[in-house]
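J.: Throw the hints in and build the complete structure from the sequences for me.
Just so you know, the sequences run in chain order A and B. Every number in this note's numbering is 219 more than the matching position in the first sequence, counting from 1. Every number in this note's numbering is 379 more than the matching position in the second sequence, counting from 1.
Check the hints yourself; a few may be wrong.
[As the list claims (entries may be wrong)] Below, a sample of chain B positions facing chain A; criterion: calculated Cβ distance under 10 Å:
1. Gly437
2. Met539
3. Trp571
[To be verified] Below, a list of computed lysine-lysine pairs in the DSS-like style, where the Cα atoms sit at most 27 Å apart:
4. A:Lys547 with A:Lys509
5. A:Lys701 with B:Lys550
6. A:Lys265 with A:Lys434
7. B:Lys452 with B:Lys464
8. B:Lys550 with A:Lys509
9. A:Lys509 with B:Lys559
10. A:Lys509 with B:Lys452
11. A:Lys335 with A:Lys676
Keep in mind the hints are simulated off the structure, nothing from the lab. C-beta atoms are modelled at their ideal positions from N, C-alpha and C, and glycine is treated no differently.
Here's the letter readout for the chains.
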Amino acid sequence: MNAPLLSALRPKVELLSRPFIEQIIDEAIVLLEVHGVLVENEDALKLFRDAGQDVESSRERVFIKRELVEQCLRTAPSSVTLVDRQGRESRFVGGDEVHFDPGSAAVTILESDGSKIRRPETSDLVRFVRLTDALPHLHFQSTGLVSGDVPEAVADVYRLYIGLLHSTKPVVTGTFRVESFAPMRDLLAAVRGGENALAEKPLAVFDACPSPPLKWSRLTCQSLLDCSRAMIPSELISMGMTGATSPVTLSGTLVQHTAENLAGLVICQLARPGAPVIFGGSPSSFDMRKGTTPMGAMETMMIDVCSAQVGKHLRLPTHAYMGLSDAKVNDTQAGLETGLGAVLASLAGINVVSGAGMMNFESCQSLEKLVIDDEICGMAYRLLRGVAQRENPMAVPLYDAVASNTNFLAHPHTRKWYKQEHSFPSLADRDTYDAWVELGKKTMAERAAEKVKRILKEHQPELLPDDEVRALRDIMARAGRKAGLTSLPSDRRAEK
Amino acid sequence: MERDELLSKMTDAVINGLPADAGELARRGLRLGLEPTDIIDRGFVPGIRRAGELWESGDYFLPELVSSAEAMKAAMAVLQPEIEKSGSRNEGRSLARVVIGTVEGDIHDIGKNLVAALLSANGFEVHDLGANVSPERFLDKALEVDADFIGLSTLLTTTMLSQRRFLERLKETGHRSRFKVLVGGAPVTGQWAADIGADGFAENAVAAVGLCRKLLGERP
Chain A
220 MNAPLLSALR PKVELLSRPF IEQIIDEAIV LLEVHGVLVE NEDALKLFRD AGQDVESSRE
280 RVFIKRELVE QCLRTAPSSV TLVDRQGRES RFVGGDEVHF DPGSAAVTIL ESDGSKIRRP
340 ETSDLVRFVR LTDALPHLHF QSTGLVSGDV PEAVADVYRL YIGLLHSTKP VVTGTFRVES
400 FAPMRDLLAA VRGGENALAE KPLAVFDACP SPPLKWSRLT CQSLLDCSRA MIPSELISMG
460 MTGATSPVTL SGTLVQHTAE NLAGLVICQL ARPGAPVIFG GSPSSFDMRK GTTPMGAMET
520 MMIDVCSAQV GKHLRLPTHA YMGLSDAKVN DTQAGLETGL GAVLASLAGI NVVSGAGMMN
580 FESCQSLEKL VIDDEICGMA YRLLRGVAQR ENPMAVPLYD AVASNTNFLA HPHTRKWYKQ
640 EHSFPSLADR DTYDAWVELG KKTMAERAAE KVKRILKEHQ PELLPDDEVR ALRDIMARAG
700 RKAGLTSLPS DRRAEK
Chain B
380 MERDELLSKM TDAVINGLPA DAGELARRGL RLGLEPTDII DRGFVPGIRR AGELWESGDY
440 FLPELVSSAE AMKAAMAVLQ PEIEKSGSRN EGRSLARVVI GTVEGDIHDI GKNLVAALLS
500 ANGFEVHDLG ANVSPERFLD KALEVDADFI GLSTLLTTTM LSQRRFLERL KETGHRSRFK
560 VLVGGAPVTG QWAADIGADG FAENAVAAVG LCRKLLGERP
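T.: Okay, here's the thing in structure tokens:
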């Protein structure tokens, strides 16, 4: 009777065989050895020279030897553990763990009724962060909106500042300018209690995008170097576009993707061996008709799933831009593309999945979509828990002598297990037709708008102590003044 | 007869996007004693026009369209020097001059390259400044070549703001009325173009050619 329970199978999807993965990696290394990579950063070039690599100075091109790549792969850690602002909750980024976070960095926000897009302001950013803080399936927040009411020169620092003030969740962020790293690091160190504490318990991940094909720009290189030296995890976001900035075949794009990420990883390890690096990306299919980069394309998702396989093979934590849509409003396409992406990303065991709330080719955030996507992510997590045996035997003892007389609804077994076996959506419509009519024939987007309002009214994120708020404000104000910002925009409107 | 056949082969070479053939046919035309302007107008231009039509009708996708533009460029590389040598034709001067580039902070230039290729294939004099172009460089070049159009491209949502900055700078320096400023790129919309006070925006490279022609008061 008490035989051990069979364990649930972790559902998984893989698109590449092992030899296929190995050949992708091998070709990527050949690319780095033979064609090299452009590195537009003197500091990084010096590191390459010191490591005995051939550097073609006139063209800032570095030929990276296989041995160096292999050596750097040995020193890069296979996981990262992010710790929330309060130092309480840890999130393991590695293995097949999946964590969703909102997509960034949107320059527009969709009005809640879907009527138009506009430039976001501080109050939008605050609402976005507070909403993220409340949504249970988004484990990380991201600096997902670029506030239009602060100078561009500090927009990157500012969004991190707002994020840290209004949410405890770890942050996926990044720099727009080289000068922004220092104040951003200072913000993080201020809430963590110093740079050493920050290195020990990372609170943020910095995204850095190479420029396809095969180039690391001055800004992104500097981000890698600065992060590594501070032991802040860098998330490598290679973003080839099939047939436009990378080979048109999915496999060819994967070779370039891998090469660019490996070059980034080498830069990180040269700056500081052992620095945390996440093998990520935002590659996309390139639409040969529209000239756009559909993130909701099946081919885009396929490249992402493969990229994660490559990253896992290299024993690195992984990331992808999935679970987002190119739709312009919260319509069928938005749900379809986001749902497919979130489910595939989960099945692929991608550690950091960025995309929730995002639409229109990574350019627009929607608060309503963010809550819909949170529900989608919840469904994906349910899928990952797989099918459990629960009891052994599983069913036979439940039946009455006359099997057809069994009342399952009243059965203690039902009451015991239903909440663990089944999930209850708050947005998806499960009403009868008449009940749905009675409730006003609302669409998912309309229900989502109501939920956004409700959460923003009710949810009170945990506050920082006053002295830490002051410390953050001082750092922000200093960075702001350098960019000509005399006073910080008030976010009181959003707090109401 | 042989001439007509050659001219139609030129047209086909552009339609089929074969740069090497187009260059060779252009040289053959010159050897046969054809006027370079005739070769362009009757041989190659019908090809690029047809490629544009095939694009508009949905038969051509970007790879075909770009190959056609490349073929056109290859032919022009052979013929342009001949026109300049002979100075035979006032119309040798291009339709208009365009300074184009991807704005500061953005290194993505596919969209911009497409627009540049199609504009030059359609007879515009294109000065392509590449990617990550500062506002100063745009303005200096536009003044230097006395441009009619300045095209600002961006792919990143984060660098869209550079388009606005350039227009502001143009106003500050008192050059705003001198150039028509066109904006484009994945995140750019007609609304954005209107918001920042640009003169126009086009959805794609073929539309960009039409837009430039329209702004010149030509048949699009």
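J.: Which of the numbered hints above does this structure break?
T.: Hint check: 8 fails alone, others pass.
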